[in-house]
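Enquirer: Input sequences plus hints: build the corresponding full structure.
2 protein chains.
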Amino acid sequence: MKFPNRVKIVEVGPRDGLQNESTFIPTSTKIELINRLSDVGYSTIEATSFVSPKWIPQLADHTEVFQSIKKKSGISYPVLVPNMKGLEEALAVGVKEIAIFTAASETFTQKNINCSIEESFQRFIPVIDTANAANVRIRGYVSCALGCPFEGEILPESVAEVATRLYELGCYEISLGDTIGVGTPFKTKKMIESVVRKVPIASLAGHFHDTYGQALANIYAALELGLSVFDSSVSGLGGCPYAQGASGNVATEDLIYMLQGLNIDTGIDLDRLIDIGTYICQHLGRPSRSKVNLAIVAKRETKKCQMKFYFL
Amino acid sequence: MKFPNRVKIVEVGPRDGLQNESTFIPTSTKIELINRLSDVGYSTIEATSFVSPKWIPQLADHTEVFQSIKKKSGISYPVLVPNMKGLEEALAVGVKEIAIFTAASETFTQKNINCSIEESFQRFIPVIDTANAANVRIRGYVSCALGCPFEGEILPESVAEVATRLYELGCYEISLGDTIGVGTPFKTKKMIESVVRKVPIASLAGHFHDTYGQALANIYAALELGLSVFDSSVSGLGGCPYAQGASGNVATEDLIYMLQGLNIDTGIDLDRLIDIGTYICQHLGRPSRSKVNLAIVAKRETKKCQMKFYFL
Chain L
1 MKFPNRVKIV
11 EVGPRDGLQN
21 ESTFIPTSTK
31 IELINRLSDV
41 GYSTIEATSF
51 VSPKWIPQLA
61 DHTEVFQSIK
71 KKSGISYPVL
81 VPNMKGLEEA
91 LAVGVKEIAI
101 FTAASETFTQ
111 KNINCSIEES
121 FQRFIPVIDT
131 ANAANVRIRG
141 YVSCALGCPF
151 EGEILPESVA
161 EVATRLYELG
171 CYEISLGDTI
181 GVGTPFKTKK
191 MIESVVRKVP
201 IASLAGHFHD
211 TYGQALANIY
221 AALELGLSVF
231 DSSVSGLGGC
241 PYAQGASGNV
251 ATEDLIYMLQ
261 GLNIDTGIDL
271 DRLIDIGTYI
281 CQHLGRPSRS
291 KVNLAIVAKR
301 ETKKCQMKFY
311 FL
Chain Z
1 MKFPNRVKIV
11 EVGPRDGLQN
21 ESTFIPTSTK
31 IELINRLSDV
41 GYSTIEATSF
51 VSPKWIPQLA
61 DHTEVFQSIK
71 KKSGISYPVL
81 VPNMKGLEEA
91 LAVGVKEIAI
101 FTAASETFTQ
111 KNINCSIEES
121 FQRFIPVIDT
131 ANAANVRIRG
141 YVSCALGCPF
151 EGEILPESVA
161 EVATRLYELG
171 CYEISLGDTI
181 GVGTPFKTKK
191 MIESVVRKVP
201 IASLAGHFHD
211 TYGQALANIY
221 AALELGLSVF
231 DSSVSGLGGC
241 PYAQGASGNV
251 ATEDLIYMLQ
261 GLNIDTGIDL
271 DRLIDIGTYI
281 CQHLGRPSRS
291 KVNLAIVAKR
301 ETKKCQMKFY
311 FL
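Listed in order, the protein sequences are those of chains L and Z.
Under the working numbering, residue 312 is the last one in the first sequence; the count climbs by one each step, no gaps.
Under the working numbering, residue 312 is the last one in the second sequence; the count climbs by one each step, no gaps.
These are calculated hints, taken from the structure and not from any lab test.
There are no misleading hints in this set.
Where chains are identical, the list cannot tell them apart; a pair therefore holds if satisfied intra-copy or between any two copies.
Below 27 Å or equal to it, Euclidean Cα-Cα: the simulated BS3-like pairs (lysine-lysine) are:
| no. | residue 1 | residue 2 |
| --- | --- | --- |
| 1 | Lys2 | Lys190 |
| 2 | Lys299 | Lys111 |
| 3 | Lys8 | Lys190 |
| 4 | Lys189 | Lys299 |
| 5 | Lys8 | Lys71 |
| 6 | Lys72 | Lys8 |
| 7 | Lys54 | Lys85 |
Expert: Take a look at the structure:
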C-alpha cells in the first residue's frame, strides 16, 4: 500500500467532456465554465482541442476559447493538438502546454486518427521538436489502455510500450485512458504494474471513463499502487449524451468525495465545484451525472425546506 | 489480501428496491420480477416485508406476493419482519427465512422504528424464539453502519456492538448497511475490521447504497478484507425515485461486472439479469440506474443496427 497523501486532478470537462455534445455550446459558456473552474483550486484544466472543426465541430472555437479565458497564475491550461497545424495555431495564441494522443490498439488508432500507432509516433516528432523549442510542456495520452471497442482485450505490455515511447519522447506525464470504461480493479492494477516497470509512477496519470460504473473502484485500486494523478470531468461530462449507455469521464465531484474520505488532499473546494456542475448541466439541459452533485444539491434543498418550516 | 473466490449476492430489489416507490406496483409485476430473478442463478432473493401497510403501503401485498411466487429449490426467499405480528403472518404462509433490523444510531432507530436500540433488541427476543421454534433462519440488518442522517458519524465500535448482539441472538448472517451511502473505502474497512474482531467474517454481509457513487469502491475495499456476501438490487432499484439525489442499493449488474473482472464467481447469469433490469425499469417508467445495464443494452442495439446494415 503506497497511498498518496495528495492527488492532482486534471479537469478534462471543457475538452473531453464537451467534445461530443452535438448541439453547439456557446463559446461564452465554455469560457465561463473554465473561468469558474479556475476559481476552485485546480492546478490543471484542459481547455480545448486545436483540432480541425471537421473532426470535432463542437471545439471549432478553440482559438477564441483559449484566448478569452482568464489565465490564472499557477494553473496550467493544456490543449490537445493532433498535428503540426494544431500546434502552430496553439503556439500563435500563447499555449504553454499541449497534449498529444495515440492508443494501445492498432485498430482504434486507425479508426480514430487514420494511421498506425507507428505513424502516430512519426507525426509526433516534429510536433514535439517544435513544442520543445517553444518551451511548451507536453502531456501524452494512451487510449484503450484497458480495452478497445474493436479489438477487445489489450495487453498490458502494449500499453507499457506506447507509454514508454511517449515518455522517452519527452512527455512529462502520460495519461493511461480506459477510453471505453470497460476496466475492473485487477485489470487496472496489472496494466499500471506493467507500465511502472518502464515509466516512473510520478509521470503517470489515470483517465477512467465510467461507462460500466467501475471508475472509482479502478481509481481506488490505482491509488493502492501509488498513482497520484487522475483525469476527471465536472459532473461526469462526456461520452455520448444521446446514447444512454455512453458515460463520460468519472465525475470530479465523486472522485473528490472518495479522496476526502481517504484523507487525500486535492486542493479543490468540493462545495463550490458542485455549483459549477449544476451551472454547466443547466446549460446542457440535463441532470448532473455526478451522484455527489445530486446528493449534495438534494441535501441543500432539504435544508432550505426545513429552514422554511422553522420560520412558519 | 484475502479476496474470496466466490461471492454470494443477496438480491434485495423486490424489497429494499421497491419499498419506497410511491405509485403502487401491481402485485403481478412483483411476482413476475421475483420469478424471473429465480431463473438466473441467485441463491437468495429478499421477497418482501411483512410490515404494516401503514408503514410501507407499497408492500401491503406481502402475503399474496410470498404465496404466489414460484419457490425454486435451492433459493431462499427471506422476508423482513419488524415484530411478532409480522412473524406470525409470515409463518402462516410458510416463510423459511426472516430478516430482523435495527441500527447503530439511536436517533435513526427512534425515527425509523420508534424505539431505542435496546428496546429493538427486547422486541427481537420473542420473534427470535418463535422463529427458532419454527426452524426459520434469521438474518440481521444493522442500518447506519457508515453514517447516520441525524447523528452524522457512527463509531465502528457501535456497529460492532449491535452486530455482535445480533450474532449472539442467533442471526446466521448480519448485513452491515451503509443506509445513506455516505461511506468511503477506508471508513468501510475500519468498520468491518471492528466488527470482525467479534463476529466471524463468514457471518457478515455488506449492504451499500450508492447515494454518493462510492458503493463499488467500498465493496472492493471490503473484498480485500475477505467479505464475501453483498446485498444489491437489480438495476439499482431503491432510494427515493422522486428525489434526484436519493440513489438506491448498488446495482447488481454493476457489482457482478466488477466481480467477473476480479475472477470472482457469483453463479448469476449477467446477460439474462440485464433483461430483468430492463423489464422492471420499463414497468417503473424510467431508465435503469445500472451503468452496466445501460452500456450493454446500448451495445446490443448497436449490434442490431450493424446487422441491419449488412442486410441492406
